[in-house]
Structures are given as structure tokens and as C-alpha cells.
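Since the structure of chain A is already known, use the hints to place chain B on it.
Protein chains in written order, with this note's numbering: chain A, 1 to 248; chain B, 1 to 282.
Treat the hints loosely; a few may be bogus.
Unchecked claim - Derived pair list, reagent style DSS-like, types lysine-lysine, alpha-carbon separation capped at 25 Å:
| no. | chain 1 | residue 1 | chain 2 | residue 2 |
| --- | --- | --- | --- | --- |
| 1 | A | 137 | B | 275 |
| 2 | A | 139 | A | 96 |
| 3 | A | 96 | B | 157 |
| 4 | A | 140 | B | 275 |
| 5 | B | 275 | A | 96 |
| 6 | A | 90 | B | 157 |
| 7 | B | 3 | A | 139 |
What the hints assert, rightly or not - Among chain B residues calculated to face chain A with C-beta under 8 Å, some are:
| no. | residue |
| --- | --- |
| 8 | 92 |
| 9 | 96 |
| 10 | 162 |
| 11 | 165 |
| 12 | 166 |
| 13 | 169 |
| 14 | 171 |
| 15 | 180 |
| 16 | 181 |
| 17 | 183 |
| 18 | 185 |
Please keep in mind that the hints were generated in silico from the structure rather than gathered at the bench.
From the three backbone atoms N, C-alpha and C, an ideal C-beta is built for every residue, glycine too.
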Amino acid sequence: MIEAKNIDFYYGDFHALKNISMKMEAHTVTAFIGPSGCGKSTFLRLFNRMNDLIDATRLTGECRIDGADIYHKSVDVDELRKKVGMVFQKPNPFPKSVFENVAYGLRVGGMTDKNRIRQRVEAALTGAALWDEVKDKLKKSAFELSGGQQQRLCIARALAISPAILLMDEPASALDPVSTSKIEDLIHVLKKEYTLVIVTHNMQQAARVSDKTGFFMLGELVEFSDTKKMFLNPEKEETQNYLTGRFG
Amino acid sequence: MNKRTSQRIAFGIFRILGISVVGILVGILGFIVYHGVGAVSWEFLTTAPSDGMTAGGIFPAIVGTLCLVAGSLTIAVPLGVMSAIYTTEYAGNGRVIRLIRIMTNNLSGIPSIIFGLFGMALFVNRLGFGDSILAGSCTLGLLVLPVVIRTTEEALKAIPDAFRTGSLALGATRLQTVGRILLPAAFPNIITGLILSVGRVAGETAPILFTVAAYFLPRLPESVFDQVMALPYHLYVIVTSGTDLEAARPVAYGTALVLIVLVLFMNLLASFFRKILDAKKG
Chain A
1 MIEAKNIDFY YGDFHALKNI SMKMEAHTVT AFIGPSGCGK STFLRLFNRM NDLIDATRLT
61 GECRIDGADI YHKSVDVDEL RKKVGMVFQK PNPFPKSVFE NVAYGLRVGG MTDKNRIRQR
121 VEAALTGAAL WDEVKDKLKK SAFELSGGQQ QRLCIARALA ISPAILLMDE PASALDPVST
181 SKIEDLIHVL KKEYTLVIVT HNMQQAARVS DKTGFFMLGE LVEFSDTKKM FLNPEKEETQ
241 NYLTGRFG
Chain B
1 MNKRTSQRIA FGIFRILGIS VVGILVGILG FIVYHGVGAV SWEFLTTAPS DGMTAGGIFP
61 AIVGTLCLVA GSLTIAVPLG VMSAIYTTEY AGNGRVIRLI RIMTNNLSGI PSIIFGLFGM
121 ALFVNRLGFG DSILAGSCTL GLLVLPVVIR TTEEALKAIP DAFRTGSLAL GATRLQTVGR
181 ILLPAAFPNI ITGLILSVGR VAGETAPILF TVAAYFLPRL PESVFDQVMA LPYHLYVIVT
241 SGTDLEAARP VAYGTALVLI VLVLFMNLLA SFFRKILDAK KG
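Chain A on its own, in the form it takes in the complex:
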């Protein structure tokens, strides 16, 4: 379970997240929607501490995964990121072969047994619904794959190290409709084993894939509820306006 309590976040003087609290249950898909610059990606990146890489940021509030404070001094950030995987907006495979891309996380984690690595790579590629397409070109450069395949390769790369949580930051926004629907199908399957949090600017996508939806605006969490309820009968007027396309 992921839990955020009274989160405030600043980029320098800019107050990017304002007093946000939210709980996400295991094995559910939570979607964050909202206009550009509303803070949804910033909020997502708190949970694997990718915001740590940006200078001059400040965080107050509590961020817990399965009860443990992930910003506690004793937390090993590299270990945290092995448990909380991430898929980025643009596919970002490494300049290595298909196989080595997926094996990367295992190798940096210290795995050396060739057979085990091969098994895990195959399992991860199968899990990302990519195995059948790439099993004959594992040694080819990852850049030879199509954009949609590259994104599923990045998902496989994240799955290979068996995270508990998978964060997806607009994972389909750079892809064509066919690739997008493949990713969405995949999200439905992955839900059984992983807890997923997905940022999207596509409201239909949020409606299709998620159990719960959070609507962000200007750094605030305006509304957070079951996806069905939010899309059929939103509580707040801002949510209603955004969903009906009156702005954003």
C-alpha cells in the first residue's frame, strides 16, 4: 500500500504540490489526470524519489510504502528504486541489445548466473507481451524496435527486477493508437501482480485502465475517488468542467 500524507513540494520558490494526502491499495491501478503543469508527474516521481535528482527541491509531509517512510534517512534509495519501478513518457532503451536492456537491472543488482538471467529476461519479456515479437532478435540493438515495442521493452526492463510497484509517467503519450491499446491491455494484466500508478493526460485512457482516479489542478488534489464514480458523477465542479472538456 502506498500512502501520502500532507505532502508539500517546492521547486525553488515554486509551490508545486499543496497539502496532498492519498492512499493507494495494492494490486489496483490508480490514474492521475489533470492539465499540464498540475503536479501529477511530480507527485508520481516522489514514490521512487526521482525528484531527488533535481536541485533545489524541498519536500514536507510523509510518504509511506507498506508502512515504511521512504524518505527516512536510513533508506537506501537504490534499493527503493528496485522495488518501485518506473516507465517514462518517451521510450528510453539503453544503447544495448534487446537482451542486455532487460538484463541490465539484474546485472547491476549483482546477478551473475547466466541461466537465471536468461530465465528472468524471458519471463519479463513475456510479462510485457513482447517475447513473441523479439525472441529472434534478442541480440539486435534495442533501437531497431518500433516505438511501441521500445516502450514495452522498457516495461519488461522494469519488470525483470520484480518490483512491487510500477510507476508509469504518460507511458503511451508518444505512441500510435495500436501501440497504445497494447500498453493498455498490458496494464490490465499487470494489475494482478503489481500495484500500478499511471499519469496520463488522456481521460479516456484513465477511464479504461484505472480503478481509482485522482484529478490534480494547480498543485492540488481536487478529487480522488473510484474511476467509475468520478467519470459518471464527479463531486467537484472543476472536475466536471475538466472532464467535459471545458478547459485544460
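Here is chain B on its own, set in the frame of chain A:
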């Protein structure tokens, strides 16, 4: 004069200037080849000088120059690559880093004869290396250090941040990211830095003058504490202070030709290597 005519004239002049650069290079090469090719033979490449350096070959000087290239790169590449990794990947953008950057740029502006003096004071005398390959390599290594740092920095900066975040998001440490993703990706561009360094090291005379170069030493070095002859210094010697300058003139042009071909050959080798790496990466 209308706009089109003035454009045509302007670009006409630029064109002539552009072509004349090629002309200058071809002129220099042609001049050296024309005068030097007669002197170059198998014997010239494989034997030591004789008859007061008016006859025989330049083998010891070729070996000496190769030793200095290898030695100085062995020193400059690890030092330069490691400091470039520090400044681009670890240090952020604080005051110390800006100071290091400015100093690196200044280092490359110091005249090479100053490096020679400094090398003599530090390596030859203070550290007691004597006139030796070691002292000369250290001096030349310092000379090309800014080039190596600069090109490695540029090579690392050219790598998209998405590789870094992708690697870190998989739980890799920053050191693992450097070793497994960034350095392999930057490698072909780092090679470019090496090419520039090789040309510089092979051709410099001033830094080796007081630190390693021998006037006449017709045997090969046995350890890094030996002196060697080197092509650029040998060239200087036979043009200015031989026993019979006129008789030695063909040897001088031959030496110049060998030096140029040697540098060109090493550049070709490096860019060939680079092509293979690029192709492998896909």
C-alpha cells in the same frame, strides 16, 4: 550594386578562401612528400643514424616517439577521463566546479615550453626520474590533459539524460550508471580526444627538450628510465646543429615525412576503431 550581385561576390570570396585552406594543406604535404620521399627507404626506417647523422636511418627516433605517445596517453587518459566524469556526473554546478573548468581551459593555454620547464623541475629533478621516457611522458601527459578532459566532458554531456534516469530508476548506483551506460556510450567520442592528443604528443618538441629527448642515441630504450630520440627533436637537430647541414637536408625531409605519416596513420587507426564501435552500437 543589387543584392544578388553583392551576394555573389561575397560568397565568391568566401569560396576562394575556403579552397585556399585546402591548398595550404595540400601545399605543405606536397612539399614534404616531394622532398622527403627520396630519403625514405626500408633501411631509413629500420636503422640508426650514422656518419654524423647525414646518413643511415631514424629507427631509434620512431621508437622513441611511439614510446612517448604510449606513455603520455597512459598517464593522460585515465586522469583526464576520471576528472571529466567527476565534473560532469558528480559535482553538480558549484563554485569549485566552475574553478576547475576555468583552470582546465587555462591549462591548455600555457605555452608548451613552460610545460617543458615545469616537467624538468618536477619530474627530472625533484622526483628524480632523470632525463627519461617517464619524465617526458609525464610532461606530455600534462600537456594533453586538458584536451582529454574537454573531449570526455563533451562526450558525456552529449548523452541524453533519459539514459541516466532510466538506469537510476532500475536501482543502479551513479557509479554503475557511469561504468555500464555512460562510458560505453561516450567511448567513440572520447576516441576523438585521443586522436587529437596523439597528434599533439607526437609533434611537440618543447616539452621533451629538457625531459627526455636525446641528441644522438643510436640504441633502443630498455626501460622507462632511459632517454630516447624523438622525431620532432631529431628534425630540429639535423636542421640546425648537425656536422654537415647540407648533406643532412634529405634526412630532415625524410624525417618530417615519417612524422606526418605516423600521425596520419594513428589517426586513421583510431577513426577505423571508432567506426567499428559505432557500427556495433547500431
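Hints breached by this structure: 7, 9 and 17
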